[in-house]
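There are 6 protein chains.
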Amino acid sequence: MAVENSTPPVSPSPSSEHESGVWSQIKAEARRDAEAEPALASYLFSTIIAHTSLSRSLSFHLGNKLCSSTLLSTLLYDLFLNTFSSDPALRAATVADLRAARFRDPACISFSHCLLNYKGFLAIQAHRVAHKLWLQNRKFLAMSLQSRIADVFAVDIHPAARIGNGVLLDHATGVVIGETAVVGNNVSILHHVTLGGSGKVGGDRHPKIGDGVLIGAGATILGPVKIGEGAKIGSGSLVLIDVPPRTTAVGNPARLVGGREKPTVHEECPGESMDHTSFIAEWSDYII
Amino acid sequence: MAVENSTPPVSPSPSSEHESGVWSQIKAEARRDAEAEPALASYLFSTIIAHTSLSRSLSFHLGNKLCSSTLLSTLLYDLFLNTFSSDPALRAATVADLRAARFRDPACISFSHCLLNYKGFLAIQAHRVAHKLWLQNRKFLAMSLQSRIADVFAVDIHPAARIGNGVLLDHATGVVIGETAVVGNNVSILHHVTLGGSGKVGGDRHPKIGDGVLIGAGATILGPVKIGEGAKIGSGSLVLIDVPPRTTAVGNPARLVGGREKPTVHEECPGESMDHTSFIAEWSDYII
Amino acid sequence: MAVENSTPPVSPSPSSEHESGVWSQIKAEARRDAEAEPALASYLFSTIIAHTSLSRSLSFHLGNKLCSSTLLSTLLYDLFLNTFSSDPALRAATVADLRAARFRDPACISFSHCLLNYKGFLAIQAHRVAHKLWLQNRKFLAMSLQSRIADVFAVDIHPAARIGNGVLLDHATGVVIGETAVVGNNVSILHHVTLGGSGKVGGDRHPKIGDGVLIGAGATILGPVKIGEGAKIGSGSLVLIDVPPRTTAVGNPARLVGGREKPTVHEECPGESMDHTSFIAEWSDYII
Amino acid sequence: MAVENSTPPVSPSPSSEHESGVWSQIKAEARRDAEAEPALASYLFSTIIAHTSLSRSLSFHLGNKLCSSTLLSTLLYDLFLNTFSSDPALRAATVADLRAARFRDPACISFSHCLLNYKGFLAIQAHRVAHKLWLQNRKFLAMSLQSRIADVFAVDIHPAARIGNGVLLDHATGVVIGETAVVGNNVSILHHVTLGGSGKVGGDRHPKIGDGVLIGAGATILGPVKIGEGAKIGSGSLVLIDVPPRTTAVGNPARLVGGREKPTVHEECPGESMDHTSFIAEWSDYII
Amino acid sequence: MAVENSTPPVSPSPSSEHESGVWSQIKAEARRDAEAEPALASYLFSTIIAHTSLSRSLSFHLGNKLCSSTLLSTLLYDLFLNTFSSDPALRAATVADLRAARFRDPACISFSHCLLNYKGFLAIQAHRVAHKLWLQNRKFLAMSLQSRIADVFAVDIHPAARIGNGVLLDHATGVVIGETAVVGNNVSILHHVTLGGSGKVGGDRHPKIGDGVLIGAGATILGPVKIGEGAKIGSGSLVLIDVPPRTTAVGNPARLVGGREKPTVHEECPGESMDHTSFIAEWSDYII
Amino acid sequence: MAVENSTPPVSPSPSSEHESGVWSQIKAEARRDAEAEPALASYLFSTIIAHTSLSRSLSFHLGNKLCSSTLLSTLLYDLFLNTFSSDPALRAATVADLRAARFRDPACISFSHCLLNYKGFLAIQAHRVAHKLWLQNRKFLAMSLQSRIADVFAVDIHPAARIGNGVLLDHATGVVIGETAVVGNNVSILHHVTLGGSGKVGGDRHPKIGDGVLIGAGATILGPVKIGEGAKIGSGSLVLIDVPPRTTAVGNPARLVGGREKPTVHEECPGESMDHTSFIAEWSDYII
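Chains as they are written, first to last, in full-length UniProt numbering: chain A, 1 to 288; chain B, 1 to 288; chain C, 1 to 288; chain D, 1 to 288; chain E, 1 to 288; chain F, 1 to 288.
Keep in mind that the hints are not guaranteed to be accurate.
Below are the PhoX-like pairs computed for lysine-lysine, each with C-alpha atoms no more than 20 angstroms apart in a straight line [claimed, not checked]:
#: 1; chain 1: E; residue 1: K262; chain 2: E; residue 2: K226
#: 2; chain 1: A; residue 1: K262; chain 2: A; residue 2: K226
#: 3; chain 1: B; residue 1: K226; chain 2: B; residue 2: K262
#: 4; chain 1: D; residue 1: K139; chain 2: F; residue 2: K27
#: 5; chain 1: D; residue 1: K262; chain 2: D; residue 2: K226
#: 6; chain 1: B; residue 1: K27; chain 2: A; residue 2: K139
#: 7; chain 1: B; residue 1: K139; chain 2: C; residue 2: K27
#: 8; chain 1: F; residue 1: K226; chain 2: F; residue 2: K262
#: 9; chain 1: E; residue 1: K27; chain 2: F; residue 2: K139
#: 10; chain 1: C; residue 1: K139; chain 2: A; residue 2: K27
#: 11; chain 1: E; residue 1: K139; chain 2: D; residue 2: K27
#: 12; chain 1: C; residue 1: K226; chain 2: C; residue 2: K262
Honestly, the hints are just simulated from the structure, not real lab data.
My request is simple: use the sequences and hints to build the entire structure.
Laid out in structure tokens, this is it:
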């Protein structure tokens, strides 16, 4: 996604083939798990096997996860189902996010595991619906969803924030993404990451994260800075200034690996390779 | 609030006028939103419009948010309502906190939005009740409330901690405030902030935060140190030593901007101006 | 626990005497609190006093805490009760964890308070059951439990991770412990601590924490590094390399106190003494 | 409905005009009541005003009424909505039943009151869905619905029973209608009425009730007898033999008013006129 | 209560002494039962022992019994508590009803048993609140309560019906009492009893039951007839005509014992003596 | 069962073979239904297929059916499971009741249907547990169960009542069975049947029903009368006097078919043949 022109992060060609392929696999996985674990079969049938599409399964699951005594599951189910059903781009994003978790996280054992159990995945899907409502100027409803996501998953994404496809929130607890933030495609973000604002004044005040970026656990990026495509942000870094494409920033405050003038440039796409540590081990080793 | 003599942080002149003015506005906002968004009208009526006072609305909402299968909503509702109804200072603090969120956070679109959806606001209000119970020596009940707040909002405030008026917990997830901590009036605290203890030994062991302080996301302040009024603590800082009034501490471990001997002093009240980044950009720029 | 040979962290001699002693004390505390606080008596009776053993009380409480509309409390209760009842080593670990909270955390006023209200304690107990299921190759059930623990307590421990006895997760919100991590006995871990992986590739990729280690709030330890027994990791540290026994690492990236060549060695067991700050105050003082 | 040829009791010309007219009126009533009674506004919005059609409102309400911890409201909502949405005849029957309650029961103050609060009306609507499932050979699902209706409303209608349009179950508690029973159009049935079988043997064994019949409270009709159109069955009667059209049967066992040879014949349609007592007062007067 | 002039059935001198005496006894019973049965102690504490008055306990219990997913317990609790707290006559009626159950029903072992477990008692108390709302012209709220009582207890009392003090609904399932019915003081009504209307036309159309009347199981009384004070109505009777004071009506249709001209007159108050059978045994014996 | 000496109605030789045979069949039925109806598979897995014994399945289902906000499902599940597990006679009675429903009710399509959906079956099983608690002098717990059964199933059986094996409560709504009632083996009782007391005085005051009796819908039997084995009681009858074995009583008040002096005697066992009507058709025919 081109961060510069800030077009909404939609997938250019949502593939319904991918969707049905992933859904078939999810159902097969769920049937296998239900067979192996009768104690969970009821859970797998109600959340996956009983449904005729990924949208229905996801809407059911989100509705039951995010409901409260004053926001009934039937209301939320309806809202999610209507939104996902009517928007192929949303469904393509869901499939891309499932694939991101499945192929980037070595602890992810199946698509169905991600669909049911990954709070980062679920938080993003619910955010995508909230974002669509925000664009339709249904702001109060969008922000009420945001609040439920923040309560239930401890993930706080402003509904105006634009999130690309194939995004992985790994572990996810404590992620905060502000109103004018933009996150590109194929980005991976670890837990406790903040894409925060510069302060009290409104307007554009949050980071723009390019495609393929990897942001390590606990990193804090503040203000309307640009993190270039394919950049890496080390765990625990505090970033207040632009980071060039395919370079690495580490530390509090963050420094560019290789130095500000001639930073080291890498070839890989860190958002997909998910290499958290090798790139900073030498730096760390040097210092300790 | 004078941190030195550790008087309980109560508002000197709770204004019932403020209270009824804010409540009128909240009801008007809720009616407008209910009109615009029928899907949420039920939620708005049950949480706001059906109630005759801010105390009733807040008690109802907290009771439903914090209840569990073993702590019924009716019990909590009763507890909150009795406490808020009988203590004008508590109600004044609630109003001050609502105004803090409304006027300091550019993403806050209305009082009603804050009342219903801000987990930081709700966590503080529930804490204020737990604190009052603690002072009445009802420790087990106070700590059970603390536990529910920690489960539901991921905000962990010891019931003995004293919190001033007009305090904003922005995003709030992960905030931890220890037993002997004191937080002054008009303080703003971002998410993942820790006001932690110095260790195993009991007694006074947590920070004292002066009036008007701003503490950035992920900052950790440990031990019975004093953060002077109007000071700023940068995001991700680790603070173990006193910070003078109206100065800025940044980094891990934290340094005073301008140097230890002649730190830069600012005029503004950072807890209210909420400028997170400008004060450290030059420092960051220098280093990166 | 010897981290090197990675034997499962079981207590060598689970003492049923300790178990019944602690349980007697918990019931006595609960009866005293129920007497003093009628509003909570119902809660104390249903969670503690009505039960005939610590295993039943804990299983009941975890079942009600972790259930959802699609995972019923009766199912979880059964699962927990069967697992705890059939494994004395699990019960011994529970008792050791209760004692760890009671004697290391100055804010812990009673065993019953810990049993009911400490999300870190509850998260570890549920993890111990998930870990046993994992070893029995019931992976989907184990990971579903992990997911519920992550939702409810904001603590994310992979079910394969091996956790010793007498472990304290203080405040606990935001703790993340990865698949191949090992945590020794008598370790204390503060909130927002990450024992994270080195990246996308599977296999051994998470830290091994020796007995008696203390890890401060917000510390991030990445990759298959060894933290020697009795070491201290300062709050907010980023650790990517082995830390020798009984030394102290602080900062981002972490440095050894005393220097890499001749690090300062302490005698105490920091996991038990819980001294968070004195060891780094001088370092901090030096820098600020 | 012609009982003789036992065609399914569907409305010949379901009028979508009636449907939208009644729905408009229901929404108007609900808005008026919500205005007058803020305490119930939330209830009225969630059950009626937030919905875009009678089918959605009814499906939402039935889903929430009939759900249990093992049959989730979202599942039932989906089932009801799909069934009502796809079958105009069902919707026409619903409208006819609403009109029956509204115009025959002097205690019925509005359509919305009937829709939300009349257990007889709700039981019949849920039965209509169960009946359709039965015809589709989804017998287990149909009987599970029957069971929920029997638990929640104390109305037990076998899903195979065929019920005409414009049927009123007044008060409804205790009504039992067996597998091969047929109830015509515009019938009114009071509480505790049994349309029971002749015994253990299967096959056709329950009553056929003609159009326009009125059956008084506590009447028991057993076996495959025919109650002719426009007949009246007195309260507490036990009927084991056919009753001719437009005659009146009273007593235990039932006798024809006017005598068996020349029973008194009335002109009115008792199912609509709902005259429970005048027709038997003289008989009663005679005997007492 | 004088049925003739139809004044509202309020107790002339509500005794707060009776109220506090009964409440003391209820709490003592509950403490004794909680001691003897730890499994139920939680239930007894939450419903009785934790409360400071009978009104609070009853409001809590009714709120939890009658709530639904769209009518929250906190709303109902508030409604009941406000109504009972502000009306001593209501509280006197509650006490009289408790005493009626305790002293007339040999299966009633304690006041607390009645308070918690008698659906007839609970249905009447909820009706008393609905009736008060009806008199305040809050008809929709009153009828919504009626509907919840009918669903939960299978007791259907129109909120306009006027019920005296000291009334016992024994077993209670299936009782139906119509809009213009009046029930005097010290009346006992068994299950499946109908006080029904004469038909479709509005206006006064339901029975008036004098003080001290006993109505046996399954009796049906229809139309605006008068049942004189101290009369007995046999089980399964169908009554369509006035019954003189202190006489007995039995059968379907009902006859006066002793004959219409010179009916047998008894001295006792059958509503209190609760003699169901001796008075009709000879009649039955004669016939069988 | 010999009613005369009133020994407790236990099965003389509880066959665990029958138990495992029926349980195998129930699981097979549930698997078949889950396959055919994915929407209900979750329900069938959670209630039946996930369990390892009939006792566990039944305890789970009853716990979830009878729980309330103040009586948690886990508590009830534990209570039911402990009781059924420790008493083979209770389990034999359950199996006999399942077979009674399956083979006597032509509308019963499978054992699993009865287990999940028959409120009469479920009410009796819960009563059997309440009765056992009563015999152990745990009266308050027993009566609290009675109350929940009465609320949920509209079936009110005093826990002291003794119920034989192989008993069918068909439809069940409104059945009331008093404290000193005894019901023999292989009895069938339709809905709205009352086995009621003679009045206010305690002691033996309810009917004794012999083996193999059939009691029709709405019949009322009052006082300590004996209904001889194999007798039939017609629908809507009022019985106040002993009925000899294998005779038929009908009417209000009841008469013996064939006359008091030489009543007609039948050979069949009506409790099993379930012939409701043929035996009275001629009588009815004669009269109408």
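Here is what the structure says about each hint:
{"no.": "1", "hint": "E:K262 with E:K226", "result": "holds, 18 angstroms"}
{"no.": "2", "hint": "A:K262 with A:K226", "result": "holds, 18 angstroms"}
{"no.": "3", "hint": "B:K226 with B:K262", "result": "holds, 18 angstroms"}
{"no.": "4", "hint": "D:K139 with F:K27", "result": "holds, 17 angstroms"}
{"no.": "5", "hint": "D:K262 with D:K226", "result": "holds, 18 angstroms"}
{"no.": "6", "hint": "B:K27 with A:K139", "result": "holds, 17 angstroms"}
{"no.": "7", "hint": "B:K139 with C:K27", "result": "holds, 17 angstroms"}
{"no.": "8", "hint": "F:K226 with F:K262", "result": "holds, 18 angstroms"}
{"no.": "9", "hint": "E:K27 with F:K139", "result": "holds, 17 angstroms"}
{"no.": "10", "hint": "C:K139 with A:K27", "result": "holds, 17 angstroms"}
{"no.": "11", "hint": "E:K139 with D:K27", "result": "holds, 17 angstroms"}
{"no.": "12", "hint": "C:K226 with C:K262", "result": "holds, 18 angstroms"}
Of the hints listed earlier, there is not a single one the structure fails to meet.
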